[in-house]
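Chemist: Single-letter residue listing:
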Amino acid sequence: MEWYSIDTWIVVIGALAAGACALLGNFLVLRKMSMMGDAISHAVLPGLAIAFLVTGARASLSMFIGAAIVGVLTAVFTQWISRFGKVDEGASMGIVFTTLFALGLLLIVQGADHVDLDPSCVLYGAIELTPLDVVWRPTLYGYFLEVPRSALVLAGVILFNAVFVVAFFKELRISSFDAELATAMGINSNLMHYLLMTLVAVTTVACFEAVGSIIVIAMLIVPAATAHLLTDRLWLMVVLSVLIAMGSAVLGHLSALIVPAWFGFADTSTSGMMAVMAGLIFSTVMLFAPKYGVLPRLVRKTKAVR
Amino acid sequence: MQIEQTGISSKSLPLKIRDLTVAYHRKPVIWDIDLSIPEGKLVSIVGPNGAGKSTLIKACLDLIPRSSGEVSIYGQSYKKARKRVGYVPQRESVDWDFPVSALDVVAMGTYGKLGWFRRVSKRSKALAMEALERVGLADYAHRQISQLSGGQQQRTFLARALVQDADIYFMDEPFAAVDAATERAIVELLKELQKRGKTVLVVHHDLATVTQYFDWTVLLNMRVVAAGPTDEVFTQENLRRTYGGKLTLFTQAANEVVQSR
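Residue numbers (this note's numbering), protein chains in the order written: chain X, 1 to 306; chain F, 1001 to 1261.
Don't take each hint at face value.
Calculated pairs, DSS-like style, for lysine-lysine (alpha carbon to alpha carbon, straight line, at most 25 angstroms) [said to hold, decoys possible]:
id	chain 1	residue 1	chain 2	residue 2
1	F	LYS1083	F	LYS1027
2	F	LYS1058	F	LYS1122
3	F	LYS1027	F	LYS1122
4	F	LYS1027	X	LYS86
5	F	LYS1083	F	LYS1191
6	F	LYS1027	F	LYS1191
7	F	LYS1122	X	LYS32
8	F	LYS1191	F	LYS1016
9	X	LYS86	F	LYS1016
Residues from chain F that keep clear of chain X, each with C-beta distances beyond 12 angstroms, as calculated [said to hold, decoys possible]:
id	residue
10	ASP1032
11	GLU1039
12	TYR1078
13	VAL1105
14	THR1110
15	HIS1142
16	GLU1183
17	GLU1192
18	GLY1197
19	ASN1221
Read the hints as simulated data drawn from the structure, not as lab findings. We put the beta carbon where it would ideally sit given N, CA and C, even for glycine.
Next up, chain X with everything else stripped away, as it sits in the complex (with noise of 0.2 angstroms):
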């Protein structure tokens, strides 16, 4: 195996955008609102190319906005389809995504003359090529850099969360756990849900164009979950499900490069190499968690019956 800077930054990319999801999936997952990510991660797509075709330019600002206002419409599109009209909200999220998901490729496809917009390129995004696109070059003790643009965008995004859910910690928290209680105190759980989407929604598209939105559904979900199954402690939570994610893109993109040559191919995808990591230690933790797993709970049963 060899390894450039460029495979250094792959790893970095790959780390920060993992690590920005993994942040706020703590609190899709605990609001039993998993699946809200992957709709919103679908259903920004018409938001892209709306900013795209209305500005002809690939302006990442005005696509950051087009795709929080869809990202937030699809939140309040579920909401109104389950209470108005008599659907589960499962369901009604289902309606939602896909419609609006379909209206974006609908969208693209039929701009595809004149623009430069792959859907192909949203789904699995092109990690590989994100470390050329060099923006910054400083020099640091004798070292010089060549920062991708990539990595400058998701380590504003991964801070901008990051400071948000310590900002907003106890707000999370109690809305998360009893959105009741928070409402009736006076933090409206409401607010702090299209905050959360709203968030959600502008990740997401940070990361679509680096990593793909593959991997931003499973960020959003798995280092999350595995954490939940490690731990009792909130902060603790979040701290794990961090490190998971980033140890997945760490893992992720060496098995990329080492695993397809034991069987005599070249390297694969990293995207889909990180997402499989994510699962792979889920699987794990799922099994051997001192407290949670199913290995150790079965052992103490068996101890018990004795």
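Based on these hints, arrange chain F on the given structure of chain X.
Modeler: Leaving out everything else, chain F in the frame of chain X:
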């Protein structure tokens, strides 16, 4: 002496409801409720399933939209009186696998007064610990909440209400599925709250204990069938009107009234 106290709060009733109607999908759940609760009473809200008991509480707390009517708490809107109100939701309304300890849950009672961005202070935790001691759960403070029994979970909720340090409490079925020890603990706590001049409204299912635990009673079935001192309103006739055609329920209720007197 009472008369010499000035200010709105001493003159106004803890809870006054006028013409309150709440509807889901255009079907009314509670209809034209008028209710005045005097200060310092332990009040049970009694009625059959689907009578709108929880809805009544949630409408008072601005948790669900009202179709019409007004609720005032100590003469003010809920929004203004919020800090004087404590709420104990139904135990099943939350996820007990949530990664928090009993102490964390109780400390949540202080969040309302802490305000945005303020961290949970040592003082909040000390208050929470004190409340846990009062409900007999000091030894369980650091347990994750799914490792508590149903009764202990309910007492955790009550401790959280204590920490809210309110003047009027709304409790949604605190006696549901609890063990005898917890039931005694809750009753003691209610009496203590009353002694300190608090007003407590409790959605209650066990007709056999109404006369024993509560000095005021509201009989509810979409409308208020009767409300007043338990001795006066908890009669067979009123229960028949509350439980209506549900004959088995009525017979059961009637028997329990006979037994409890």
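Chemist: Hints first: check each against the structure and report whether it holds.
Modeler: Do the hints match the structure? See the list:
no. : hint                    : verdict
1   : LYS1083(F) / LYS1027(F) : 32 angstroms, violated
2   : LYS1058(F) / LYS1122(F) : 31 angstroms, violated
3   : LYS1027(F) / LYS1122(F) : 47 angstroms, violated
4   : LYS1027(F) / LYS86(X)   : 14 angstroms, holds
5   : LYS1083(F) / LYS1191(F) : 22 angstroms, holds
6   : LYS1027(F) / LYS1191(F) : 38 angstroms, violated
7   : LYS1122(F) / LYS32(X)   : 30 angstroms, violated
8   : LYS1191(F) / LYS1016(F) : 22 angstroms, holds
9   : LYS86(X) / LYS1016(F)   : 33 angstroms, violated
10  : ASP1032                 : 24 angstroms, holds
11  : GLU1039                 : 21 angstroms, holds
12  : TYR1078                 : 9 angstroms, violated
13  : VAL1105                 : 7 angstroms, violated
14  : THR1110                 : 10 angstroms, violated
15  : HIS1142                 : 9 angstroms, violated
16  : GLU1183                 : 23 angstroms, holds
17  : GLU1192                 : 22 angstroms, holds
18  : GLY1197                 : 22 angstroms, holds
19  : ASN1221                 : 24 angstroms, holds
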